[in-house]
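A.B. asks: Here is how the chains run, residue by residue.
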Amino acid sequence: MYPHERSLVKRLKDKPFALIGVNSDRNRETIKQVCKDKNISWRSFWNGGSTSGPISSKWNVRGWPTIYILDEKGVIRFKNARGKAMDDAIETLLAEMSQGPQTQKKGL
Amino acid sequence: MRNKHMGPSTLGLVASAFLFSPFLCAQSAKEVIAEHDAAYREWMDSYRSASKEERTTLSSKRPRPNKLFPRLFAIIDAEPASEDALTAANWMITRGQATGADMNRAIASLLQNHTKSEVLAITCSALGRTPTIVAENFLTTVEKVSPHAKVKAQACMNLAHLYKRQAGLVNTMTGMPEAGLKNLVGYYGRETVDVLKTADATKLEKRAEARYQQVMDNPEYAKVEYGRGTLAMTAKTNLYELRFLSIGKTAPEIDGEDIDGNPMKLSDYRGKVVVIDFWGDW
Numbered sequence: 045m046y047p048h049e050r051s052l053v054k055r056l057k058d059k060p061f062a063l064i065g066v067n068s069d070r071n072r073e074t075i076k077q078v079c080k081d082k083n084i085s086w087r088s089f090w091n092g093g094s095t096s097g098p099i100s101s102k103w104n105v106r107g108w109p110t111i112y113i114l115d116e117k118g119v120i121r122f123k124n125a126r127g128k129a130m131d132d133a134i135e136t137l138l139a140e141m142s143q144g145p146q147t148q149k150k151g152l
Numbered sequence: 167m168r169n170k171h172m173g174p175s176t177l178g179l180v181a182s183a184f185l186f187s188p189f190l191c192a193q194s195a196k197e198v199i200a201e202h203d204a205a206y207r208e209w210m211d212s213y214r215s216a217s218k219e220e221r222t223t224l225s226s227k228r229p230r231p232n233k234l235f236p237r238l239f240a241i242i243d244a245e246p247a248s249e250d251a252l253t254a255a256n257w258m259i260t261r262g263q264a265t266g267a268d269m270n271r272a273i274a275s276l277l278q279n280h281t282k283s284e285v286l287a288i289t290c291s292a293l294g295r296t297p298t299i300v301a302e303n304f305l306t307t308v309e310k311v312s313p314h315a316k317v318k319a320q321a322c323m324n325l326a327h328l329y330k331r332q333a334g335l336v337n338t339m340t341g342m343p344e345a346g347l348k349n350l351v352g353y354y355g356r357e358t359v360d361v362l363k364t365a366d367a368t369k370l371e372k373r374a375e376a377r378y379q380q381v382m383d384n385p386e387y388a389k390v391e392y393g394r395g396t397l398a399m400t401a402k403t404n405l406y407e408l409r410f411l412s413i414g415k416t417a418p419e420i421d422g423e424d425i426d427g428n429p430m431k432l433s434d435y436r437g438k439v440v441v442i443d444f445w446g447d448w
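As they're listed, the protein sequences go chains S and L.
Heads up: the first sequence at position 6 corresponds to 50 in this note's numbering, and the numbers run straight through without jumps.
Heads up: the second sequence at position 167 corresponds to 333 in this note's numbering, and the numbers run straight through without jumps.
What the hints contain is simulated information worked out from the structure, not anything from laboratory work.
There's no promise every hint is true.
Calculated pairs, DMTMM-like style, for lysine to aspartate or glutamate (alpha carbon to alpha carbon, straight line, at most 25 Å) [as the list claims (entries may be wrong)]:
1) L/415 <-> S/116
2) S/76 <-> L/447
3) S/54 <-> L/426
4) S/80 <-> L/360
5) S/82 <-> L/360
6) S/57 <-> L/443
7) L/431 <-> S/49
8) L/415 <-> S/135
9) S/59 <-> L/434
10) S/102 <-> L/426
11) S/80 <-> L/434
12) L/415 <-> L/426
13) S/102 <-> L/360
14) S/128 <-> S/73
All chains, full assembly: derive it from the sequences and hints.
C.D. replies: Below, the structure is given as structure tokens:
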């Protein structure tokens, strides 16, 4: 996962895009070190040090990794798209954003 | 195959006459299934000890459950109301990976003859994953007529799962090319595809919600043990997922802190395309 995510973050750094994690590791210090060592620059929520922490429980997460992709309005648009499918999903949503205002103008 | 040992052709003739006699045809569903299980175990053993090259040929020889279906349907047709017919139909649904016309036929036979059986709880669980009209009719009827609280509860719960699946299917079917629809017909049958073609996904989701709610509200259903908890607990998570975490819903707020302990909110990222990755370094 890390190499794909690193390249994604790098490639889209000038776009309205964010990758955020919800981390369910047990030890906070260990995971801080992992982020440093593996060059994980994006932010992650702390899930309380457990796979059954408050965020993953509320989101009904039963498998790891689980991935949600939201559009700019915060609407869930894709679930568990990985690799190429994830790239395509993000591209689709970014394209929608840049086309959005034009479509609205047409409507007016 | 047995007559192979007999050698002389006259004996072979006698044996094949015997093979078609009612005595041998009256093999029970349990025996048919046991025969398959034994063949499967044998195949598994040889697969495990095979080399990589041998495995390619072996995988095409894996005993297929649908090879049994003609014999199991014969058992059902001979005496549809019998215990044996129930075993046969149940096996095709829960373990035989039946699809299309076979699946619909197996369900229809249960619907006609065995809706009051005590063993339908597992059947219901399998049908929650089968978004067909026949499965829907079956679960609706069983929920109404079964005298067993546990079966009724599973029927209700799995009707909810089924409607959720149907809603998903309606969404995938929108704009699907003709070839894709044809595949679905093979998999679920013409009737289901025709009904879902014009169905409203939102309405189906509402039906699913209502059924999950029913599992939670009916004390007889709610307390049924399921997994590590109760059916009500599973219904509750599913209901939440359906209402707040399905595609098209606004993601629930996450108001927490990051790994370093700084405050962090999901809504801070509005205006951006966001990938949320539930991860761990393991």
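A.B. asks: Provide an ascending list of the numbers of those earlier hints which the structure does not satisfy.
C.D. replies: The structure conflicts with hints 4, 5, 12, 13, 14, although it agrees with all the remaining ones.
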